[in-house]
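J.: For reference, the chains in residue letters:
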Amino acid sequence: MQDLTAPSLALAQPPPAAVPAGEKLPLAAVALGLLALLAAAADADPGRARLSLCLALALVSGGALGWAWLAFGQRPPGWHPHDLWRRASTSRGAVAWATGVALTGFYVVLYWFPWLLENLIRALDPFSQWLRHRPADQWFLYGTFYTLAVLVLGGRGLWKYRFSRYHLARTASVMFFQLGFGFLLPGLLLALQKPEYYFSYFWPLKYDYLFPGTVAQLLHGGGLGAFMVFWGVVMSFLATPVLTYFLGKRWYCAWVCGCGGLAETAGDAYRHLSDKSRQAWRWEVRLIYPILGLIILLTGLLWVGASGAVPALGVVTGPLGQFYGFVIGSVFSGIVGVGFYPLMGSRVWCRFGCPMAAYLGLLQKHFSRFRISTNGGQCISCGNCSNACEMGIDVKQYAQRGEPIVRAACVGCGLCATACPRGVLNLENGPREGRLAASTFIHADSLRIL
Amino acid sequence: MHLVIIGNGIAGVTAAITARRLAPAARITLMGAESAHHYSRPALMYLYLGHLRYADVKPYADWFWAENHLELVQTEATGVDVAARTVQLATGPHLAYDRLLLATGSVPRIPDWPGQQLAGVQGFYGLPDLETMSRNTQGIRRAVVVGGGLIGVELAEMLHSRGIHVTWLVREGRYWQSVLPPEESALLEAYFRKYNIDLQLNSEVRELLGNVQGQVRAVVTTTGQELPAEWVGLATGVQPNLALAKAAGLDTDRGILVNELLETSAPGVYAAGDCAQHRQPAPGEVAVEQLWYTGRMQGETVAHTLCGQPTPYRRGEWFNSAKFFNLEYQTYGRVPARPTAGIASFCWQHPNGRHLLRLNFQEKDQAVTGVNALGLRQRQDVWEHWLREKTPIGTVLAQLAAANFDPEFARQHEAAIRRAFARQFPSIAVAKPRRKGLFGLLK
Ligand SMILES: Cc1cc2nc3c(=O)[nH]c(=O)nc-3n(C[C@H](O)[C@H](O)[C@H](O)COP(=O)(O)OP(=O)(O)OC[C@H]3O[C@@H](n4cnc5c(N)ncnc54)[C@H](O)[C@@H]3O)c2cc1C
Ligand code: SF4
Ligand code: SF4
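Chains as they are written, first to last, in the working numbering: chain U, 1 to 450; chain S, 1001 to 1443.
None of these hints come from the bench; they were simulated from the model. It is possible that some hints are incorrect.
To be verified - Covered by chain S, according to a simulated footprint, are these stretches of chain U (three or more residues, beta-carbon under 8 Å): (1) 342 to 353; (2) 385 to 397.
Unchecked claim - Straight-line distance between alpha carbons at most 20 Å, and here's what the computed SDA-like set of lysine to any residue pairs gives: (3) K1194/S with H80/U; (4) K1432/S with V1382/S; (5) K1194/S with D43/U; (6) K1246/S with V1288/S; (7) K1194/S with L219/U; (8) K206/U with L219/U; (9) K1390/S with N1326/S; (10) K24/U with S1161/S; (11) K1194/S with F163/U; (12) K1364/S with V1288/S; (13) K1194/S with L70/U; (14) K365/U with V242/U; (15) K1194/S with V242/U; (16) K206/U with E196/U; (17) K24/U with K1194/S; (18) K1194/S with R162/U; (19) K1194/S with L192/U; (20) K1194/S with H82/U; (21) K1194/S with P76/U.
The beta carbon of each residue, even a glycine, is placed where N, CA and C say it ideally should be.
When you get a sec, could you build the whole thing from the sequences and use the hints?
T.: Here it is as structure tokens:
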């Protein structure tokens, strides 16, 4: 007999799961919608392009919601990720690669070839005029798509997780923050001739909000601008530590953040793809803390530069700022972060690149009441929890040792606890004393797991 | 010291890992016939469901073994010479040991039905069974599952996930009758039927019919029904795997007989996990324990003895958990399937048929003796404490929220449970409850 470790799985190679016949109709609507989107992009006549775009958005949204209803609404409520690892779309098959390339391609066009989107942007002009009192641009187009993705796939999430009030609340929350704080409110600010400002992003994630240039510009905007600076400082340095102390970093990553919102809704089908190996974890630590260090350094240098104390500083800060903005801000957070969803899981950016996650993570690990408790000796090492973890935490390693899970990376999405078939895991806030104490039902072994 | 462990299931592996910690210098060889690496047997179903891949159900990554100097051998042990202290292997030379641990697990127990050798008829225990099942259930439409226990429900769920019509034959009058009280069985039976599982109670197999290719085509029941089936899963229980122990001349009964240090009748030879049978089980405990956590505890205990720290096996308060399709089940302490003299039983059910809590307590001093929970998660250490301290039922009910392990925002049913209790046992006072709820967030 041989070990069944080969990637072939050797389990008699069950055929990839087929899409049930009924689900093909809504999926066809999505495909038609994408076609209409292409038509809109190719049409120089704004009126026709607008019609195509409306049709496209209606088909894609309607199709996606209809499909979610068929895929989840027709089953009894509960967690059943059947065939996740057998479907081409969710197991890095051909469909996943095609989706990944399309998403990545969209970002490349958005950042470097925005004129290719000109027709789509013009088609959005009336909407933009209505909302923001100004013509659309590529970022407005992106914001519209982004928000729609969070709302439509959030709707899918509400169906899928209708058995769990934690997930309903969490999903509704990210939908609310993206629509209100990430889309409508910034639009309204522009309509009122105020500087655009995203109230759900703070330094260090939105790194330039605390750059001297941005601060000066905002302060120029009068009382509201001063409030924005004040809000930014308070959220970054006061609210973040205080809330994280009580709730862990989940209050932000899984409930408020726009990037997190997209990961929890659009990325939900890909959460299991995150790499749980020790190697991946080492890369995580190697990348995320230096990135946090870099943005602290850059911000500090900019303030020293702005004080005029060291005039020669511009030589360093200029290129450093450009590098950070391009490599981290655009390539990492957008192209890799979202484009690679179908191949590397939904939280690549959050896990390997986000300075806010690093900051929150340090607080969570060393200064918080949050932990995931493991319920006595009940773990059967089945691996469902690790599989569900979008942050690549091998939750099972802790659970099978009876150790509470206290990890900087955990965003508190709660899916490990939902996926566990034995009710072993629970997200909890509690006293810090004994927070790391292992269960008495399993005697800890001292052998390394990471 | 050379420690040889036969069987890389949870018992053997826990023993190896514990021994490595206690005796850093020992040579440890871990042998398994089924797979090169340890995997989680209870997770087999998730491979079939497509939730997980094989690599995901290995409790330890492949680098773990070499890094901790645990030698893995994938082969079958065909004999043990207890006098010469050697193990014969199916492949390769004899292996000499100083101490030997048998952790050979179980094999399916299948009654002798005519036709059970037909293709498409099988038990379900290990990877080879999963492989056969995957192959033989491809594209089929109807299957029959036989046996009303936990493996039966897993098979039903697996088949159901592929859209295969499942007829499920259970010999007893209700589901898992030997373990669950009637209310729990009834709730689960209704629940299975909601999933369109054709559950047939009081039904036994008489014989299995095949076609000319030697492939199963139908199951005939004792009532004379002929049920068409392209695949038949036999989940009629497991029994200790004694092949090796018997060949080595060890004392066996249903399992390999061991004392409380898990020593067998031969010096230097020990047994742990599913294959072991306690000569003198503690009062109220069973002689053969076939559970994941008892395997782990036995493995850990025996490793201490193997490393020169003789440690008797003490299981502690009984607990278990399972999942029936989407319904979680947990039990702590003793909850007999039948009414027991001197034990009062209180059972609360939610009208939606998805939550149940049963509390058993002694009539004389009201000390709580056990709990069954369906669709509610209970906190093990709290229950352990209540059971050990013989806490009165009134206190338990008042503090029930402390044992709540449900996720945040989940509906809490403690108040409804207390009301139901007050109706059923008006003479028993329940103290004022401790508050949980929103303030629990900041507790
Ligand atoms: C489908 C299924 C689901 C289950 N679900 C649960 C659950 O949810 N919760 C729970 O508590 N328990 C569950 N169990 C029971 C649990 O898996 C067992 O109690 C546990 O795995 C026993 O562990 P073990 O180490 O004693 O033996 P095993 O896991 O059986 O391991 C024994 C190993 O020894 C090897 N072996 C035997 N003879 C030889 C030989 N001569 N040479 C070399 N190797 C040999 C076998 O190949 C096997 O790999 C389940 C069992 C099954 C089959
Ligand atoms: S450990 Fe659990 S709660 Fe934390 S990120 Fe992973 S799945 Fe989510
Ligand atoms: S899902 Fe639950 S039982 Fe399975 S490994 Fe994780 S904690 Fe253990």
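J.: Checking against the hints above, which ones are violated?
T.: 1, 5, 7, 9, 12, 15, 17, 19
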